[in-house]
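Q: Chain by chain, the residues:
Number of protein chains: 2
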Amino acid sequence: MFHTITIVGVGLISGSFSLILKDKGMARHVIGVSKTEASIKKALELGIIDEALPLEEAVKKSELIYVAIPVDATIPVILRIMDLVTDKQIVVDAGSTKHALCQALANHPMRSRFVASHPMWGTEYSGPEAAVREAFAGRTCVICEKEKSDKEAVETVENVYRELGMRVTYMDADNHDMHAAYVSHISHITSFALANTVLEKEREESAIFELAGGGFESTVRLAKSSPEMWLPIFKQNREHVLDVLNEHITQLRKFKSCFEKENYDYLQELMENANKINRIIK
Amino acid sequence: MFHTITIVGVGLISGSFSLILKDKGMARHVIGVSKTEASIKKALELGIIDEALPLEEAVKKSELIYVAIPVDATIPVILRIMDLVTDKQIVVDAGSTKHALCQALANHPMRSRFVASHPMWGTEYSGPEAAVREAFAGRTCVICEKEKSDKEAVETVENVYRELGMRVTYMDADNHDMHAAYVSHISHITSFALANTVLEKEREESAIFELAGGGFESTVRLAKSSPEMWLPIFKQNREHVLDVLNEHITQLRKFKSCFEKENYDYLQELMENANKINRIIK
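Read top to bottom, the protein sequences are chains A and B.
For the first sequence, the working numbering assigns the number 7 to the initial residue and increments by one for each residue that follows.
For the second sequence, the working numbering assigns the number 7 to the initial residue and increments by one for each residue that follows.
Hints may contain errors.
[To be verified] Straight-line Cα separation of at most 25 Å, DMTMM-like style, residue types lysine to aspartate or glutamate; simulated pairs: (1) B/K230 x B/D78; (2) A/K230 x B/E266; (3) A/K262 x B/E216; (4) A/K267 x B/E266; (5) A/K282 x B/E266; (6) A/K28 x A/E169; (7) B/K260 x A/E135; (8) A/K30 x A/E135.
Worth flagging that the hints you see were computed from the coordinates, not collected in a lab.
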């Protein structure tokens, strides 16, 4: 499908992307761009990339440039890339926020060569070692501002994601950020806060280690996520995240009030309402 | 190891317990006791139990009686069982709270035939269909008030749990309930509350369904847990749960304040602190 692609960032998302495309014969040659020497070395070792080049050289050689780095760095890097590409090349990002990026690119003369995408998959791990061939499949990829990209560029990107086993859906950028706050960003905050809660209350670390069952591990695993990745997401999506965080504190206060007043009928009702998630999440 | 055992309740925990003991040749004949006709039928079908009997008959025939039902029902049921057993039989419970039960049994003349245990394993599912042969292994089983049980009874129960692949640890009942609140019960509340948050904010159920990645599923899966099981746990462990829930709301408020004041240095610090859970949870 592609002779040469570039991945900017050689971590969890771009690394998995590259491994799968190479496995499926969809990319013959993958160039890696990263400012972290150790990551480049690791990505070469793991066969994630075939060579490492500076950004400008890499872009010139590539049909597709796939950017998966923290969302604050994404904006200047993609602006630089857009200044280099021709109308035969496609630039894609994989970031968790879309509004700020789409705004920054709105008036770029090459805007139509850019496809704003968010493959809704991830783990709590980062770096090239975290890349896995089981990534993406069965999840949804959101494409934003489809109408601002060339039809052929969007189709190419969609085909790639579909080959990875993803469903493709469309949203405007602000809507995307709102939904992402609801179904992804808030989970990270509750998990970070739960870890801090337990670390604060449970002074005996050995007790956490010994007693933690699968339930605790499951609710707290996102607390291992990288602040380098998540702080920029939270900054860019501040308003939506704050909105849903307020709601979450309100919901927790309802539980608290049930315990304080020993209002167990209402506590049961709150749990039964939560069970409705069963209908939605398999 | 046993000729005949009884499981009281034929759900996730007792069902898994029975399946594994039968598989390993540790129990030849398993009697099921349940007030739910449909569960008995299903448990017979699934080979979880060999026959169903009323409690008194079942107890009389059994070397070991394993009780895994909601913790409020556990107390009267175990008191009834204790009135029936001889000093050749062993009674074990598998409940998530221990203080109220141990208090209720404290002065029973047969107290020494009872072993208070909490195998720290579970899933969000319940009923005999939820029973799995992969249960328990690699997790910790807490035994409370070990000194109040006959040495030989404790040893027998420990050996069973070790055969299931569990680590065995000891605690007094109140300590157990406190640690259980910290590393298990609070996870359920955050998960219930997160489900309610998202159901409240995200009016488009199709968006939740489409966009939810693995992170959301992981943090919210406990929200599918049965209120029938969890309401009694929360009631019995009210004080410890309220204590840790207050701390959790305090921790979330710190995140909220960071967003409100755009204090991103402190937000980063909070996330870095949460990352410490990495050291403790694999």
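Q: All hints are to be evaluated individually against the structure, with a verdict given for each.
A: Here is what the structure says about each hint:
Proposed proximity of B/K230 and B/D78 is supported: the alpha carbons are some 20 Å apart, at most 25 Å. A distance of roughly 24 Å separates the Cα atoms of A/K230 and B/E266; the hinted pair therefore holds under the 25 Å criterion. A distance of roughly 31 Å separates the Cα atoms of A/K262 and B/E216; the hinted pair therefore is violated under the 25 Å criterion. Restraint check for A/K267 and B/E266: not satisfied, since their Cα atoms lie roughly 30 Å apart, outside the 25 Å limit.
Note on A/K282 and B/E266: the hinted pairing is violated, with a Cα-Cα distance of about 31 Å set against a maximum of 25 Å. For a cut-off of 25 Å, the pair hint linking A/K28 to A/E169 stands: about 12 Å separates their Cα positions. Restraint check for B/K260 and A/E135: not satisfied, since their Cα atoms lie roughly 32 Å apart, outside the 25 Å limit. Pair hint A/K30 plus A/E135 holds up; C-alpha atoms about 20 Å apart against a cutoff of 25 Å.
In terms of the numbered hints stated before, the structure departs from hints 3, 4, 5 and 7, listed from lowest to highest.
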